[in-house]
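K.L.:
Protein sequences, first through last, are from chains Y and E. Residue numbers in the first sequence follow the numbering used here, run continuously in steps of one, and reach 116 at the last position. Residue numbers in the second sequence follow the numbering used here, run continuously in steps of one, and reach 479 at the last position.
The hints are simulated quantities; they were obtained by calculation from the structure and are not laboratory data. As the structure is a prediction and not an experimental result, all values here were calculated from the model. Heads up, a few of these hints could be off.
Stated by the list, open to error - Computed footprint of chain Y on chain E; a stretch qualifies when at least three of its residues, placed anywhere within it, have a C-beta under 8 Å from a C-beta of chain Y:
#1 75-81
#2 341-355
What the hints assert, rightly or not - Part of the chain Y face toward chain E, derived, beta carbon under 10 Å:
#3 N8
#4 E15
#5 C101
Even for Gly, the Cβ is constructed at its ideal location relative to N, Cα and C.
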Amino acid sequence: MRHLQPINQKASRIERYLEHDVVALSGQPVGYQAPQQPEGPHIPLGCSLVFSPGWEVDRTGGTAGLCQPVERDLFDCHLGCFWPAHVPDQLNKAPDWTAKCAAAQKDWRKLDLIFP
Amino acid sequence: MTVRTEVKLSTREFHAFDAAGRKFLYMVPSAAVFGLDEPAAAVLDRLGERKMSAAEIVADLDGRFSSEDVLHSVNELMQVRAIGEAGVLQEPAPKQMPPTPFPLTTMVLNVTNQCNLSCGYCYEYGEDKIVDTENGRQPKFMNEETARQSVEFMLEESGEIETVHLTFFGGETLMNFPVLQKTVEYARRRAGELGKGVEFSLTTNATLLRPDIIEWLADNEIGVTVSIDGPKEMQDQFRVFKGGRGSYDIVAPKVRELLRRHRSRPIGARVTLTRNVLDVQRIYRHLHDEIGFWEVGFAPVTTAWGRDWAIDDSGFHAMLGQFNALAEDFLEAALQNRHHGFSNVKDTIEEIHKGVSKAYPCGAGLGLMGVATDGDVSLCHRFAGSPEHKLGSVADGVDHSLQQEFLEKHHLSEKTDCHTCWARPLCSGGCYHEAYTRYGTTTGPNLHYCEWIRSWTDTCLRVYGELASHNPGYLAVFN
Numbered sequence: 001m002r003h004l005q006p007i008n009q010k011a012s013r014i015e016r017y018l019e020h021d022v023v024a025l026s027g028q029p030v031g032y033q034a035p036q037q038p039e040g041p042h043i044p045l046g047c048s049l050v051f052s053p054g055w056e057v058d059r060t061g062g063t064a065g066l067c068q069p070v071e072r073d074l075f076d077c078h079l080g081c082f083w084p085a086h087v088p089d090q091l092n093k094a095p096d097w098t099a100k101c102a103a104a105q106k107d108w109r110k111l112d113l114i115f116p
Numbered sequence: 001m002t003v004r005t006e007v008k009l010s011t012r013e014f015h016a017f018d019a020a021g022r023k024f025l026y027m028v029p030s031a032a033v034f035g036l037d038e039p040a041a042a043v044l045d046r047l048g049e050r051k052m053s054a055a056e057i058v059a060d061l062d063g064r065f066s067s068e069d070v071l072h073s074v075n076e077l078m079q080v081r082a083i084g085e086a087g088v089l090q091e092p093a094p095k096q097m098p099p100t101p102f103p104l105t106t107m108v109l110n111v112t113n114q115c116n117l118s119c120g121y122c123y124e125y126g127e128d129k130i131v132d133t134e135n136g137r138q139p140k141f142m143n144e145e146t147a148r149q150s151v152e153f154m155l156e157e158s159g160e161i162e163t164v165h166l167t168f169f170g171g172e173t174l175m176n177f178p179v180l181q182k183t184v185e186y187a188r189r190r191a192g193e194l195g196k197g198v199e200f201s202l203t204t205n206a207t208l209l210r211p212d213i214i215e216w217l218a219d220n221e222i223g224v225t226v227s228i229d230g231p232k233e234m235q236d237q238f239r240v241f242k243g244g245r246g247s248y249d250i251v252a253p254k255v256r257e258l259l260r261r262h263r264s265r266p267i268g269a270r271v272t273l274t275r276n277v278l279d280v281q282r283i284y285r286h287l288h289d290e291i292g293f294w295e296v297g298f299a300p301v302t303t304a305w306g307r308d309w310a311i312d313d314s315g316f317h318a319m320l321g322q323f324n325a326l327a328e329d330f331l332e333a334a335l336q337n338r339h340h341g342f343s344n345v346k347d348t349i350e351e352i353h354k355g356v357s358k359a360y361p362c363g364a365g366l367g368l369m370g371v372a373t374d375g376d377v378s379l380c381h382r383f384a385g386s387p388e389h390k391l392g393s394v395a396d397g398v399d400h401s402l403q404q405e406f407l408e409k410h411h412l413s414e415k416t417d418c419h420t421c422w423a424r425p426l427c428s429g430g431c432y433h434e435a436y437t438r439y440g441t442t443t444g445p446n447l448h449y450c451e452w453i454r455s456w457t458d459t460c461l462r463v464y465g466e467l468a469s470h471n472p473g474y475l476a477v478f479n
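Let the sequences and hints guide you as you build the complete structure.
P.N.:
Structure follows, in structure tokens:
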């Protein structure tokens, strides 16, 4: 590296890694022609291509093969989506419903059921 | 060279800091530290909170840096993940569990839960205690049989580890000196038979030190940490005998004698900071310069909300100012290759140098465990004897399913609050016992000192940056 100087031991390890395996780490560096084919969009096999609430079923008609959990839609519903799912009332009854869910993709399991 | 410069870029997770007149990046979560040259620093500065394409950055920096330099910088910053395509989420770090069975490297043996002092803030006797040390089911002193069993437990659980550490803790450890002596003898013999080494240390309040005990500690190369809070008026605020009499006048001459005679291991002081005892520099000067401790480590008192001794927000702020000033002293000494005994900064710098990125705040329940007087094994010495935090017993070994459950629940990836904090590679949520005392659970992060930790980590990073630039040789001791 010319513009970044590794200072601690971890940085030196990253530099060694980049020198040997730059392609695997970062995919296609911006600013230069990539040495490999540019990455196309990621299409998970067997998943619905339509991310519109109500349409997320896999090709078998179930939800097991989806690339995202159905709970993610549930989470979306309180953020301005039209789908009238029963999500907790975050204004009055359950203000902390999403407190433990900073990023839905990662933390969706922490969205718990709420019983009135 | 075909340039693909239309993609909008934005910054990713890192903490930028300045030292020695240049810019550094502390990468999160890898904990790598990179120094930036001028073009790379200008790229990051220009990008800031914005979303810009490489072409736009080149255009903005035209006249200052060549497009080649800017594009190279962009590329390198992308490679280390300091910047990335805007709108594309960074993959979260995978939840990597430690390999099992994980070898035990340190066992803390609570040889007694009794103490001849009556420090108000004590987590073992005071209002925040977890275990009933007065009338509970635990024996007041560990007997020889349990201590021997503990040694066998430690050697068994240490697996392939060649040198294990046995630390004596209390209560006041020297109240059970006979068992302590026999345990050292036994452990040394048994470790020798198995071809292992064993190192010993203990924590004491120094009130019961006698010439023959000091002699024995020195001869046996026992590392000693003395719990002491500073000069007389500070020590005597909380570190008192049962009748309320301060302990400084008893402790000071004994500590001086210990330091004079015991030269085989460095001797450290461990200071508990409280609301009215926050003059870190004065305490350091007294304990290091006047009394002669090799190292002095400071920790704010572990306490529930609202106790008299609890440090409030303004106290934490004052403490940070004091820590920063002492860190400056440390830096000045380190630049000249002189020893400085402020262990808080030294320990953090070592972790920064290695690029430690922790999934757990400490080794408790992993490579370190605490043993209660009856032989119950818990997360660490602070939980020794607590049934809720038990992981096994010295007779039956570690219950690995309990341990696995603990490790699953306490992994950094479970601490959502920490996921946007740049200091998480070093802090990882902080002390389990502190969290338990504050929030009633070991699983949560210590949210009451987040700001403090970030400020202190930033200070240590700047000290590190200065040393890496002006005296890299000093850091070689950590390699």
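K.L.:
Going through the numbered hints above, which ones does this structure break? Give me the numbers in ascending order.
P.N.:
none
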